[in-house]
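J.: Listed below, chain by chain, are the residues.
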Amino acid sequence: MTATLAAPATSGGAKTRINDFSIQVATVNGSGSQTANTVLLRAIFQMGVLVSGKNLFPSNIAGLPTWFTIRASAKGYVARKASNEMLILMNPETAKDDIAKADPGALVIYDEPLQLDKLRSDLAYIPVPFQKLVTASCPEPKLHKLVKNMIYVGVAARLLGIDMEEVKKAIAKQLKGKAKAVELNQTACTAGYDWAMENLEDQDHIKVIRDNKTQGLIIVDGNEACALGALFAGVTVVGWYPITPASSLVETFIEYAEEYRKDPKTGKSTVAIVQMEDELASAGVVLSAGWAGARSMTSTAGPGISLMSEFIGMGYYVEAPGVFFNVARTGPSTGLPTRTQQSDVELCAKASHGDTQHINLYPGTMEECFQFSYDAFDLAERFQTPIFVVTDLDLGMQNWSSKPFAYPAKPYDRGKVLNQQQLADMQDWGRYKDVDGDGICYRSLPGTPGGKGAYFTRGSGHNAYAQYSEKPEDYLAVVDRLKRKYETAKTHVPGPVFRNLGSDKGVLAFGSSDPAVIEAQDILAEAGLKTDYLRLRALPFTAEIDAFVKEKKVVYIVEQNRDGQMANLFRETYPEYATKFKSVLHYDGHAIDAKCIVDQITAFEQK
Amino acid sequence: MTTATPSAPNPPATPTNKLGFTKQDYVGSKSTLCAGCGHDAITAQIINAAFESNLEGYRVTKYSGIGCSSKTPAYFINQGWGFNSVHGRMPSIATGASLANRNLINIGISGDGDSMSIGMGQFVHAVRRNIPMIYIIEDNGVYGLTKGQFSATADKGSHLKSGAVNDLPPIDPCTLAIELGCGFVARCFSGNPKQLNTILKAAFAYEGTVVLDIISPCVTFNNHDASTRSYKHVKDHDFPLHDLGFIQYSEVEDVEIPAGQTEIVTFPDGSKVAIKATHEGYDPTDRFGAMKAVHESMAKGEFLTGLLYINPTQPPLPQVLNLVDEPLNSLGEAQLKPSEATLNEIMQALM
Ligand SMILES: Cc1ncc(C[n+]2csc(CCOP(=O)(O)OP(=O)(O)O)c2C)c(N)n1
Ligand code: SF4
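Each protein sequence line maps, in turn, to chains E and A. Take the first sequence: its position 177, counting from 1, is numbered 177 in my numbering, and each next residue is one higher. Take the second sequence: its position 10, counting from 1, is numbered 10 in my numbering, and each next residue is one higher.
To be clear, the hints were calculated from the coordinates, so they are not data collected in a lab. Some hints here could point you the wrong way.
[To be verified] Which bits of chain A does chain E cover? Going by a derived footprint, with three or more residues having C-beta under 8 Å, they are:
#1 288-295
#2 323-331
[Unchecked claim] Straight-line distance between alpha carbons at most 20 Å, and here's what the computed EDC-like set of lysine to aspartate or glutamate pairs gives:
#3 Lys416(E) with Asp428(E)
#4 Lys268(E) with Glu326(A)
#5 Lys403(E) with Glu326(A)
#6 Lys580(E) with Glu551(E)
#7 Lys268(E) with Asp283(A)
Cβ coordinates follow ideal geometry from the N, Cα and C atoms, glycine included.
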């Protein structure tokens, strides 16, 4: 059959969604589909269309179902969209279920032998003879499984109107110039494209049309952005323990360190990276290296923070610096380790026993993942305390387009560290004396010569001179000063970002919820409900947040956990406004989408 | 003017070491342990050995976990920095700090509870990584600070003061350390200062992890006749291996080594230990032989003390990680922060 091909629509017809659709690809993990999906995403990106990708993968190495969604948006909305306009079904195990859940009118590309076309009559079916096409295009049978996925990329490219040259470029980029692999995949992809050209009628449901929205943008994931932040921040000691979704942060850092942290003359390393036996040991390494004057970090997820908690409390109380990345996932316990959530908010705010309060940074974009990671090391040394950079699987492991990162020109802030000369000049040095009244004391580093400045660090009670003490007044002096120090942090942490439409109704969110909130805000405004949006970027809450809370009639706190953990922190901090805070929640493990926010806020408003 | 004032007899000069420090310069705060606690005798020998080894106090860092034993770093070498951390996690504290500054002289003090129960994981991995530190276990067979429960080194059949009997076999830190590849393993008794002193001096010259299990009776909870770690019991069952002579590098030329009976082990810094084997055929460089000797001794109810095993050639962790020679904590922005051009290059690759 030779298809009659309609010319791709150049302007949006009534029904054609131009550069505005979602595709969901269902495959089996371990089948190499990640490469194919990234190529498809990249090709759309190279067409100048803003695009985001979300990998919904199982906690398994190979053989379980996995879904990848690609969203293109002319308006720049990059949150997950709950509905999909195109499905690519490669997994026989889930195909029936995927069809049952499909949105009416969706295009369904599937492997011909699955015979899905009888299941529903409101979908547009596109059966593809994958096996035949693979056999014809790839001479090596053992590679068939891998290149099969490239064929659907070719078919989709044809149907969407993506330029094959862009697809080929994306393949070369993705496979980093490995010549044989590039050629093999390009051939397979072209086979799919050509087959579609000859055998399929064109469609006008969804189309990609060249735009210029991605000029100069990068594609990156949050873990890589954080790793780069740490690289430029000059981290020198890393103690870590593998855990999804945090491992790739350190693993990417290791790759960059191989290249950029070797002494050019000797080839020796300027960073010590040790995979420890567990998270307890990682925390010990981070805090003691910080205590000894190195810039130190670890990367973990909720279960790791739980294990580290005893140490973190000690770090807070003895005032040892260190950066703790928490890439949150769906918990508790193993939970759904490959799904996203913001459920470690309270854990990271207060990690440990006793009275503890920590500085937390919540990056919401890739640029912030980079910049806040850089800043975290300054904050750790300035405040001599554990600093948390809290992201999640959605930010950490998914592909995001972003402006290239600005060079962090600000010089390192190494905080109040006394050198040999300063110690010699000092009359009455006490490790825990609040000389400046900001709660931050002066410290000395082990190994400083000159015979002054040595002190004893202890988790037990201590006075201003770091001497053992069980006196009530000494204990109070320390913990009340620590509270003062936390107050001082309010003027050092990044303040909020506003998107105000002029309303007395507030929406407050943080981290990976940002794109969904922006989209929801627009949808609500179109329906007549204007809101002012504050994106929180750190703990402690700054003065701008005090003002926002005070001035709004209602504050919808959007977060990705069951218990409204951030709302709890707000109720605790602002008890007089407790009734203003309404929780908008999403916590099923998928990334948050705009619709769920719109629905919940609308329901509150109708009450 | 001639004076008839008789010159006062010169007070005997306080001895100083090569750096000009007196022993007083190596002391710490006053101990708050029970009078007669074995841990205090160990503290005294650390002070002596540090003085005699001419340690630069400011380079010394002292780490510990939690326990009576872990309090003792406050009682020696006040010129050095101390870090009394959390229960069982001293090794990770020593790991981080020793990587941050490879010029530090690291002394870790732990208890048998701290290391062989809650901290077993960290003990095992610190030894395996060969971090540069002297790891001292002040081994009394009980939890002193929490008032006398059994620890994991308590011998099977040993009694608590309360009469409770330990039904479980002990873990032996020394054979475990040898198994893990530790290059310097010794056992001492807090009541044998001479031997402890010599071993400590040898330990100060060693570059990697030294595991030093020091039997240290708890006079309050474990010093009764039925205890296998009482002063009396250990004195009766202490079986010293060798006479050790420690020779500092600069003195090597002057030493006469008696032919025949003495073995000299050379450390990477050039220092040497002369070991005179009193125990016929004992070879401290023979790993399996060391294991066998300790086990045989244990079977007889003896504590074999002395340098049990030595292998001075193992590279410590900073060397394994191929770290730059300067301490990492001394590196500044110029060495650590890549250029703007580098960032642009990385950004280009992500486009
Ligand atoms: C996490 C934790 N659990 C329990 C304790 C209580 N604790 C303090 S010291 C100690 C045992 C110390 O025994 P050991 O290491 O043998 O030292 P010793 O006091 O005998 O010298 C225990 C269980 C603690 N401090 N921290
Ligand atoms: S309780 Fe035992 S171990 Fe603790 S100080 Fe007293 S004698 Fe020493």
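J.: Determine for every hint whether it applies to the structure shown.
T.: Tested hints:
1. 288-295: Since 0 is below three, the answer is violated.
2. 323-331: holds (count 8)
3. Lys416(E) with Asp428(E): The given pair, whose Cα atoms are some 16 Å apart, holds under the 20 Å limit.
4. Lys268(E) with Glu326(A): Measuring from Cα to Cα gives roughly 10 Å; hence the hint holds.
5. Lys403(E) with Glu326(A): At roughly 37 Å apart (the allowed maximum being 20 Å), Glu326(A) and Lys403(E) break the hint.
6. Lys580(E) with Glu551(E): It holds: about 11 Å lies between the C-alpha atoms, which stays within 20 Å.
7. Lys268(E) with Asp283(A): 37 Å, violated
When each numbered hint is compared with the structure, violations occur for hints 1, 5 and 7.
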